[in-house]
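Okay, here's what each chain looks like letter by letter:
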Amino acid sequence: MTRSGAAALILAVGAIAALPAIAPPYYVTLMLPFMAYGVVLLGLNLLFGYTGLVSFGHALFIAIGAYTGAVLTTHLAVRQMELILLAAALAAALAAAPVGALCARYVKIYFGMLTLAFGMVFYTFLLKFYRLTGGDEGMRMLRPSLLGSEWSGFSKTAYLVGPYYYFSLGVLVLATLVMWRIVRSPFGLCLQTVRDNPLKAESLGVSVPRYRWSAFMISAVYAGVGGALLATPTGNVDPTLAYWTHSGNIVFMILLGGFSSFFGPLLGAFAFIFLQDAVMSVFPYWRLIFGAILAFIVLFAPGGLMGLLARRRPVEASRA
Amino acid sequence: MLEARDVRKLYGAYVALDGVSLSVREGEFVSIIGPNGAGKSTLINVLTGVLAPSAGVVRFKDRDIAGIGPVALARLGMARSFQLVQIFPELTVLETLQAAAVARLGRGSRLFASLRGDRQVQREALEVAELFGLADRSHHPARSLPQGHKKLLDVASAFALRPDIILLDEPTSGVSTADKHGVMEILVSAAKRIGLRAIIQVEHDMDIVFGYSDRVVALHQGRILADAPPAAIRSDARVVDTVIGRRRGG
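Protein sequences, first through last, are from chains A and B.
Sequential numbering from 0 applies to the first sequence in numbering that gives the first Met the number 0.
Sequential numbering from 0 applies to the second sequence in numbering that gives the first Met the number 0.
Next up, chain A with everything else stripped away, as it sits in the complex (with noise of 0.2 Å):
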């Protein structure tokens, strides 16, 4: 990472901590589900930027990893978020191997068809299981504590907007780090090889499926944990979570960011909710308004908002 570049995030890092000083509690709420796609986001993007797989069933795990924090909450006594989210990763793993094991085998259109196919099926468990799951009304996901404290003389908003808003910060910087740390290993060069050329990466010794199904695995953890962030501020988890155009939206946040750059997805994020709020609340057909973005995307900035950032660049130097 370039010295401006490494200002930058420190500089986002400080200012993303500083909200809940400065801004309403309104827009320090929508900060947790950009905090909570952005984990997922960071674990998909491994499976679609490094290693060229997309998958239109993550939702599944999401929904995974929050029926997991709801289940554990409201069933189990299970109030701590560190175990909840241990939980939701290991949930989300324990489904990630088999459904896995048999989408790597497949690559484009019938891996993400494959993918979306698994997210259905889950989605009709949950909707039609209704005694385990709640059905259409879902379960709730009752308030977790934080770091050995329940936070108990907090109301709902201080302690979203307080603890909980750094709470899941500090998961959205760890899980950067990790993934940071993941991309940059002999690991993420791999996946690379095996996104670029499936056939030379394996005349180099490098095993495609197997890659293919580790990048799968730690997608679908990273989607486990950010369910659980996502269930908390809702405070109930329904079968929505799990459904195909949930699984949609993600891939819209990731190219809407920019899939080929690190921090693309969390910046598609980051516009995405904060776009869907400002449309909403002008616009009741705001998938319209998406829909259209989507389409100028693809037909001209398929780099994302991180494409068109880094072509600006050099146009601003030359005017220096």
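Please note: incorrect hints may appear among the correct ones.
[Unchecked claim] Dumping the calculated SDA-like pairs for lysine to any residue here, alpha-carbon to alpha-carbon at most 20 Å: (1) Lys-191/B with Leu-125/B; (2) Lys-155/A with Tyr-25/A; (3) Lys-191/B with Asp-163/B; (4) Lys-179/B with Pro-88/B; (5) Lys-149/B with Leu-198/A; (6) Lys-107/A with Ser-259/A; (7) Lys-107/A with Glu-89/B; (8) Lys-107/A with Pro-88/B; (9) Lys-149/B with Tyr-25/A; (10) Lys-179/B with Phe-209/B.
[Claimed, not checked] Non-contacting residues of chain B with respect to chain A, defined by C-beta distances greater than 12 Å in every case (computed): (11) Asp-5; (12) Ala-65; (13) Ser-156; (14) Leu-160; (15) Gly-181; (16) Ile-185; (17) Gly-194; (18) Pro-229; (19) Ala-231.
I should point out that these hints are in silico values taken from the structure, not numbers from a laboratory.
Glycine residues also receive a C-beta, built at the ideal position from the N, C-alpha and C atoms.
Guided by the hints, dock chain B onto chain A, whose structure is given.
Chain B only, in chain A's frame:
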């Protein structure tokens, strides 16, 4: 080191290889020649475990390697380059060679190790880049290289595996005629430096074949027409008529 015995390969009713037997000993540079459709690429794919033979045996280092696949073969010490250039377009030259070094050293499962901090991987990749004259372009993305350099990178990455034996499918295709001997000199010198024990190449350019080979195997219609040193091949009338062709007025 490498031996194929009575290998047959059928594609439906079409016989691509028909009873091919071939052995490569340590220290040899063997060229496989033949007209289009003779079965050269099929033979390379069978020898490199990409294709399982319909019948016959392929052994490498006393192991049956028929159809074991390129990953297992690479780990066993056999590398290959392709007729059509195969690169990693988004990776730089150095990253491409690092990927080969990572695979060779079995470090691909290191999830949290720093690639940049792995001195052995860095050293090996840079050494191969220098051997192949690619060091000055080491930070260029592979997709931005001229075609001849892409070919060189494809071959160099196979060498970076430091294999015992390497199979080169038309190593000078896409390289200008003036540069072909230069490329071959680089290959031969790199082979010595990294301790390669044998080379097999498929090649159409007869100057290259006769200039560098210890032995030439001529294929025709899926069968071996001749297997002999270059001088004997040159004087074999059947090979000259079916594979090499006669010079006008010659």
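Do the hints match the structure? See the list:
1. A distance of roughly 17 Å separates the Cα atoms of Lys-191/B and Leu-125/B; the hinted pair therefore holds under the 20 Å criterion.
2. Restraint check for Lys-155/A and Tyr-25/A: the C-alpha separation of about 13 Å stays at or below 20 Å, so the hint holds.
3. For the proposed pair Lys-191/B and Asp-163/B, the alpha carbon gap of about 11 Å is at most 20 Å, so the pair holds.
4. Under the criterion of a C-alpha separation no larger than 20 Å, the hint pairing Lys-179/B with Pro-88/B is inconsistent with the structure, at around 23 Å.
5. A C-alpha spacing of about 16 Å is found between Lys-149/B and Leu-198/A, which places the hinted pair at or below 20 Å, so the restraint holds.
6. The suggested pairing of Lys-107/A with Ser-259/A holds, with an alpha-carbon distance near 17 Å, which does not exceed 20 Å.
7. For the proposed pair Lys-107/A and Glu-89/B, the alpha carbon gap of about 18 Å is at most 20 Å, so the pair holds.
8. Only pairs whose Cα atoms come within 20 Å are accepted, and Lys-107/A paired with Pro-88/B is accepted, the gap being roughly 18 Å.
9. Proximity of Lys-149/B to Tyr-25/A is assessed by CA-CA distance (about 54 Å); at most 20 Å being required, the pair is judged violated.
10. For the suggested pair Lys-179/B and Phe-209/B, the alpha carbons sit about 13 Å apart, so the restraint of at most 20 Å is met.
11. Distance check for Asp-5/B against chain A: the nearest CB is about 26 Å away, which clears 12 Å, and the non-interface claim stands.
12. The beta carbon of Ala-65/B sits about 17 Å from the closest Cβ of chain A, which is more than 12 Å, so the claim that it is off the interface holds.
13. Distance to chain A contradicts Ser-156/B as a non-interface residue, since its nearest Cβ pair spans about 6 Å, not more than 12 Å.
14. The beta carbon of Leu-160/B sits about 6 Å from the closest Cβ of chain A, which is not more than 12 Å, so the claim that it is off the interface is violated.
15. At roughly 24 Å from the closest C-beta of chain A, the C-beta of Gly-181/B stays outside 12 Å, upholding its exclusion from the interface.
16. Residue-level check passed: Ile-185/B sits 20 Å from the nearest beta carbon of chain A, beyond 12 Å.
17. Taking the minimum C-beta to C-beta distance to chain A, about 18 Å, the non-interface status of Gly-194/B holds against the 12 Å cut.
18. Distance check for Pro-229/B against chain A: the nearest CB is about 28 Å away, which clears 12 Å, and the non-interface claim stands.
19. With a closest Cβ-Cβ approach of about 33 Å to chain A, Ala-231/B is found to remain outside the 12 Å limit, as its non-interface label requires.
Hint compliance for this structure: hints 4, 9, 13, 14 are not met, and every other hint is.
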